Amino acid sequence: MERGEGTRPKARMSYSPDFRPAAREDIAEGYAWYEARRQGLGEAFLLEVQRCMMILLRSPGAFRRIHKEFRQALLDRFPYVVVYKVSGKRIVIMRIFHCSQDPKKKFRKKRK
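Residues in the sequence shown are numbered from 121 upward in steps of one, following the working numbering.
If you're looking for bench data, these hints aren't it; they were derived computationally from the structure. Just so it is clear, the structure is predicted and the values come from calculations on it, not from any experiment.
The calculated label-pair distances, taken between Cβ atoms and stated as ranges, are:
hint: 1; residue 1: Gln159; residue 2: Arg210; range: 30 to 38 Å
hint: 2; residue 1: Arg157; residue 2: Ser134; range: 31 to 39 Å
hint: 3; residue 1: Gln159; residue 2: Ser207; range: 32 to 40 Å
hint: 4; residue 1: Trp153; residue 2: Met174; range: 17 to 25 Å
hint: 5; residue 1: Pro141; residue 2: Glu189; range: 13 to 21 Å
From the three backbone atoms N, C-alpha and C, an ideal C-beta is built for every residue, glycine too.
Construct the entire structure; sequences and hints are all you get.
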């Protein structure tokens, strides 16, 4: 048997994102706030969230567990964390949470 013969690469599980309503609101609010500060900055925020999501979808277990089944990933360029959990083949995005907020609010429902 030649080198590498008979071995198969491990199949990577493919995940799909599932954004909860609070996470969608967080993204919209972050975009609006940054865009109001400087044109194009809101778009940069969205790109940073998208970049983080690509990493999460490839390696959801790579980030620190913060509470029970919840994990968080820190955005590089903006002071936000993505709070998520893995549920089967889905990455459930609970919040895109600004780091200056009370951390206890990560797990509370947003008030309207």
